[in-house]
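> Hey, can you work out the whole structure from these sequences and the hints?
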Amino acid sequence: MLEITGLTSGYGGARVLSDVECKIPDGKVTALMGRNGMGKTTFIKTIMGLLKTEAGSIRFDGAAIERLSTFEISRLGIGYVPQGREVFDQFTVLENLRLSLLGHSIKSQDGLDQIYEWFPILKERADQRAGTFSGGQQQILAIARALIANPRMLLLDEPTEGIQPSIVHEIGEKLAAIAKETGLTILVVEQNVDMVRTIASDALFMENGQIVDSCSISELERDDSLLRRYLSV
Amino acid sequence: MRNSIIGIIVFSVLAVCPLFVGSYWTGQLTNYLVYGLLAISLSLVWGYGGILCFGQAMFFGIGGYVMAVFTKGMIYPDLTSSYIGLIAAMAASSLFAVALGYFLFAGRGISGAYLAIITLAIALVLERLMSNWYALGGYNGLLNIPPIKLVLFGLSYELWDIVPTFYIILGLVAVIYFAVTFLVSTPYGLLLTAIRTHPDRLSFLGYSVLNIRLSVFALSAAIAGLAGALFVTLDGFASPTLIGFTLSTEALIWVAIGGKEMLLAAFLGAIFTRVAESWLSEIFGDYWILILGIAFMISVVLLPKGLLATPFEKLIGKKRRAIPPPPAEGDPSPARPLPPTPDQ
Chain L
1 MLEITGLTSG YGGARVLSDV ECKIPDGKVT ALMGRNGMGK TTFIKTIMGL LKTEAGSIRF
61 DGAAIERLST FEISRLGIGY VPQGREVFDQ FTVLENLRLS LLGHSIKSQD GLDQIYEWFP
121 ILKERADQRA GTFSGGQQQI LAIARALIAN PRMLLLDEPT EGIQPSIVHE IGEKLAAIAK
181 ETGLTILVVE QNVDMVRTIA SDALFMENGQ IVDSCSISEL ERDDSLLRRY LSV
Chain Y
1 MRNSIIGIIV FSVLAVCPLF VGSYWTGQLT NYLVYGLLAI SLSLVWGYGG ILCFGQAMFF
61 GIGGYVMAVF TKGMIYPDLT SSYIGLIAAM AASSLFAVAL GYFLFAGRGI SGAYLAIITL
121 AIALVLERLM SNWYALGGYN GLLNIPPIKL VLFGLSYELW DIVPTFYIIL GLVAVIYFAV
181 TFLVSTPYGL LLTAIRTHPD RLSFLGYSVL NIRLSVFALS AAIAGLAGAL FVTLDGFASP
241 TLIGFTLSTE ALIWVAIGGK EMLLAAFLGA IFTRVAESWL SEIFGDYWIL ILGIAFMISV
301 VLLPKGLLAT PFEKLIGKKR RAIPPPPAEG DPSPARPLPP TPDQ
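Quick mapping for you: the protein sequence lines, in order, are chains L and Y.
1 is the number of the first residue of the first sequence in the working numbering; add one for each residue after it.
1 is the number of the first residue of the second sequence in the working numbering; add one for each residue after it.
Just so you know, these hints were derived from the structure itself, not from any lab.
C-beta atoms are modelled at their ideal positions from N, C-alpha and C, and glycine is treated no differently.
Just so you know, not all the hints are guaranteed correct.
Stated by the list, open to error - No farther apart than 25 Å at their CA atoms in a straight line, the calculated lysine to any residue pairs in the SDA-like style are these:
(1) 107(L) to 185(Y)
(2) 107(L) to 186(Y)
(3) 305(Y) to 131(L)
(4) 52(L) to 110(Y)
(5) 314(Y) to 127(L)
(6) 107(L) to 198(Y)
(7) 314(Y) to 92(L)
(8) 305(Y) to 132(L)
(9) 107(L) to 210(Y)
(10) 123(L) to 187(Y)
(11) 107(L) to 212(Y)
(12) 107(L) to 200(Y)
(13) 52(L) to 212(Y)
(14) 107(L) to 102(Y)
(15) 107(L) to 114(Y)
(16) 149(Y) to 15(Y)
(17) 72(Y) to 109(Y)
(18) 52(L) to 102(Y)
(19) 123(L) to 188(Y)
(20) 52(L) to 114(Y)
(21) 305(Y) to 95(L)
(22) 107(L) to 208(Y)
(23) 314(Y) to 90(L)
(24) 180(L) to 62(L)
(25) 314(Y) to 56(L)
(26) 52(L) to 200(Y)
(27) 107(L) to 108(Y)
(28) 314(Y) to 131(L)
(29) 314(Y) to 62(L)
(30) 107(L) to 215(Y)
(31) 52(L) to 186(Y)
(32) 52(L) to 108(Y)
(33) 52(L) to 109(Y)
Unchecked claim - Output of the computed footprint for chain Y on chain L, the stretches with three or more beta carbons under 8 Å from beta carbons of chain Y:
(34) 59–71
(35) 90–104
Here's what the structure looks like:
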C-alpha cells in the first residue's frame, strides 16, 4: 500500500504538486489520468525520489520513503518504467536485463526465465542492441527490466506514448495478465482510455497538481463524464 | 580474448627491450612505464568511468610524497619498509579520492567541464601547498629517497641497478594492467559504461551512483598513487611538480592521444609520447611542443577514440556486431537512435 499525504514538490522554485492525498491499494492496477502539464510525471518522479519532496509524506507498506534516495526506494521494491523508456541503447537486451538484476543483487538466472516466458521476443533478441529496437520493443524491454527485479509495486509513466495502437493493446493485455498472475500493485500514468480500460481497476484524476477525483473503472464504463471533465481539452 | 593477446605481445616486446637498447634508454623506459601506469589510472577513471579528472597528478604526487616520508623514516625511523610505503601511498591516494569524490559527486554531483576545472584547481592548490610545506622540503622537494628494497624470505635486495629495476617495474605494471583489464570485462565494466553514458538511469535500477563513482575514483587514485610511489624511488626525488598542473595535463594528453577508452592504448600513449619527446626535442628543440599539440589536435578532431586505439580496435575487431533492426511485425515506429552522449 502506498499512502501519500500532503505531498508537495516541484522543480526548484516552481511548485507543481501541492498537498496531494491518495492511497494506492495493494494488488490492484490504478490509473492516474489527467491532461498534459497537470503534474502526473512529477508525481511519479517524486515517489521515486528523483524529485525532492518539499512537504508531506510518502509511505510504502508503512515505511516513510520520502527522504530516501532513488536507489534505496528501488531496492525497497518499487519498480519504475520512465517516460520515454530510458533503456541503455548501446547495451544488448540481455545486458539491460542483467544490469537490473545486479542492481538488486539477484542471481542471474532466477528472474530471466520468467521474463522470457512473459516476453518471448526478448529471448529471441537477447543479443541485439536495445538501440536498434522499435519504440514498442524498447517499451517491452523497459517493463521487463523493471519486472525482473521482482518489485512489489510498479510505476509506469505513459507506457503507450508514441507507440503504435496494435502494440499498445498487446502491452496492455500482457500487463493485465501479469498483474493478475502475480498480484502486483501497479500505478500507471496514462492518457489512453483504451489502455486504462484494459488494465486498470481504479482511476485517479489529477488536475493542477492535485488528485481531484477517483472512481472505479466500472463506474467509468457507465458514465464517462469524469473523462470528459478531466481529459478533454 | 584477442585483447589480452595484444596486451601480452606489448608487454613481451617491452620485456626484451633492455637487450637491444642501452642502459640509458632502459632507465628512461622504466620512468615511462611508471607514466604509463599513471595513464592507465586516468584511462580507467576518464575513459571508463566518465569522470574527466584534470588533476590526476595529485594522486600521483600524494603517492610519491607518502612513499618518500615513509621510506626516509620521517614517520618512524624503523618503519622504512618499501612494502609499507607502497601500501600507504595507495591508501593515502585513494582515501583522498574518496573524501574529494564525496564532495564532487554527492547530491546532484558535478560533471563535465565543471568537474575538470575543480579537479585542476585542487591540483594547483596542492602544488602550492607542497611548495610551501617546508617540513616536506618545500619548493625543493625531498631528496635522497631510497630505492625500493625487496624483502623476501629474509633476503633483501635494493633496486639500485637499472635492469632489475626495469623488470620489477614492468612486472608490477603488467599485473596492474591485466587486473584492470579483467575488472572492466566483468559486470563492473558494464556498470561503468552505464554510468558514463546515462548515470540518471542507474539509480532507479537500484544502484547508488555515488558509490560507483567513488569506487572507480578511489581505485584509479590508488593506481596513480602506486605510480607516484614507484616514481620517487627511481630518481630518489619528490618535488611539488609531481603533484601539479603540468603532469596532470601531460597525462591527459597521453591518454587522449593513445585512446582513453582502451587501457592499453592509454598506456602506450604515455610511452610513445615520452619516447617521441626525447627524440623530437633533440631535433626540434622547443618546437617539439608544437608537434605534440598538432598530434593532440589530430587525435581530438579526426580520431577521437585515439591515435592508437583506432587501429587497435580494427585489429581486435572489437566493434560490436551491429545487428540490423529486423522489421517488427505491425510496428513500424522507427527505432529512435538517441544521439550519442558526448562523454566529456
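> A separate judgement is required for each hint: does it hold in the structure or not?
Verification of the hints:
Taking the CA atoms of residue 107(L) and residue 185(Y), the gap is near 18 Å; set against the 25 Å cutoff, the hint holds. A distance of roughly 15 Å separates the Cα atoms of residue 107(L) and residue 186(Y); the hinted pair therefore holds under the 25 Å criterion. For a cut-off of 25 Å, the pair hint linking residue 305(Y) to residue 131(L) stands: about 21 Å separates their Cα positions. Between residue 52(L) and residue 110(Y) the CA atoms are separated by roughly 18 Å; this keeps the pair inside 25 Å, and the hint holds.
Simply put, residue 314(Y) and residue 127(L) have alpha-carbon atoms about 22 Å apart, close enough for the 25 Å limit, and the pair holds. A distance of roughly 24 Å separates the Cα atoms of residue 107(L) and residue 198(Y); the hinted pair therefore holds under the 25 Å criterion. Annotation: proposed proximity of residue 314(Y) to residue 92(L) holds, straight-line Cα distance about 21 Å (limit 25 Å). Under the criterion of a C-alpha separation no larger than 25 Å, the hint pairing residue 305(Y) with residue 132(L) is consistent with the structure, at around 23 Å.
Of the supplied pair hints, the one linking residue 107(L) and residue 210(Y) holds, its CA atoms being roughly 23 Å apart against a limit of 25 Å. Under the criterion of a C-alpha separation no larger than 25 Å, the hint pairing residue 123(L) with residue 187(Y) is consistent with the structure, at around 20 Å. For a cut-off of 25 Å, the pair hint linking residue 107(L) to residue 212(Y) stands: about 20 Å separates their Cα positions. Distance hint between residue 107(L) and residue 200(Y) is fulfilled; the C-alpha atoms sit about 24 Å from each other, no more than 25 Å.
Between the alpha carbons of residue 52(L) and residue 212(Y) the distance comes to roughly 22 Å, so the proposed pair stays at or under 25 Å and holds. With a C-alpha separation of about 30 Å, the suggested pairing of residue 107(L) with residue 102(Y) is violated against the 25 Å cut-off. Between the alpha carbons of residue 107(L) and residue 114(Y) the distance comes to roughly 38 Å, so the proposed pair goes past 25 Å and is violated. Annotation: proposed proximity of residue 149(Y) to residue 15(Y) holds, straight-line Cα distance about 21 Å (limit 25 Å).
Our distance criterion of 25 Å between C-alpha atoms is broken by residue 72(Y) and residue 109(Y), whose separation comes to about 39 Å. Our distance criterion of 25 Å between C-alpha atoms is met by residue 52(L) and residue 102(Y), whose separation comes to about 20 Å. Note on residue 123(L) and residue 188(Y): the hinted pairing holds, with a Cα-Cα distance of about 23 Å set against a maximum of 25 Å. The suggested pairing of residue 52(L) with residue 114(Y) holds, with an alpha-carbon distance near 23 Å, which does not exceed 25 Å.
Pair hint residue 305(Y) plus residue 95(L) holds up; C-alpha atoms about 23 Å apart against a cutoff of 25 Å. A distance of roughly 19 Å separates the Cα atoms of residue 107(L) and residue 208(Y); the hinted pair therefore holds under the 25 Å criterion. At roughly 19 Å between alpha-carbon atoms, residue 314(Y) and residue 90(L) fall within 25 Å of each other, so this suggested pair holds. A hinted pair counts as satisfied when its Cα atoms are at most 25 Å apart, and residue 180(L) with residue 62(L) qualifies at roughly 24 Å.
At most 25 Å may separate the alpha-carbon atoms for a hinted pair to count; residue 314(Y) and residue 56(L) exceed this at roughly 56 Å. Distance restraint check for residue 52(L) and residue 200(Y): the Cα-Cα separation of roughly 15 Å lies within the 25 Å cut-off, and the hinted pair is therefore satisfied. Restraint check: the Cα-Cα separation between residue 107(L) and residue 108(Y) comes to about 30 Å, which exceeds 25 Å; the hinted pair is violated. With a CA separation close to 23 Å, the supplied pair residue 314(Y) and residue 131(L) stays within the 25 Å bound.
For the proposed pair residue 314(Y) and residue 62(L), the alpha carbon gap of about 56 Å is over 25 Å, so the pair is violated. Proposed proximity of residue 107(L) and residue 215(Y) is supported: the alpha carbons are some 22 Å apart, at most 25 Å. At roughly 34 Å between alpha-carbon atoms, residue 52(L) and residue 186(Y) are farther apart than 25 Å, so this suggested pair is violated. Note on residue 52(L) and residue 108(Y): the hinted pairing holds, with a Cα-Cα distance of about 11 Å set against a maximum of 25 Å.
With a C-alpha separation of about 15 Å, the suggested pairing of residue 52(L) with residue 109(Y) holds against the 25 Å cut-off. Three residues within the 8 Å Cβ limit are the bar, and the stretch 59–71 of chain L against chain Y gives 3, so the coverage statement holds. Counting residues of the stretch 90–104 of chain L whose CB lies closer than 8 Å to any CB of chain Y gives 9, which reaches the minimum of 3, so the coverage claim holds.
In this structure, the hints that do not hold are numbers 14, 15, 17, 25, 27, 29, 31, in rising order.
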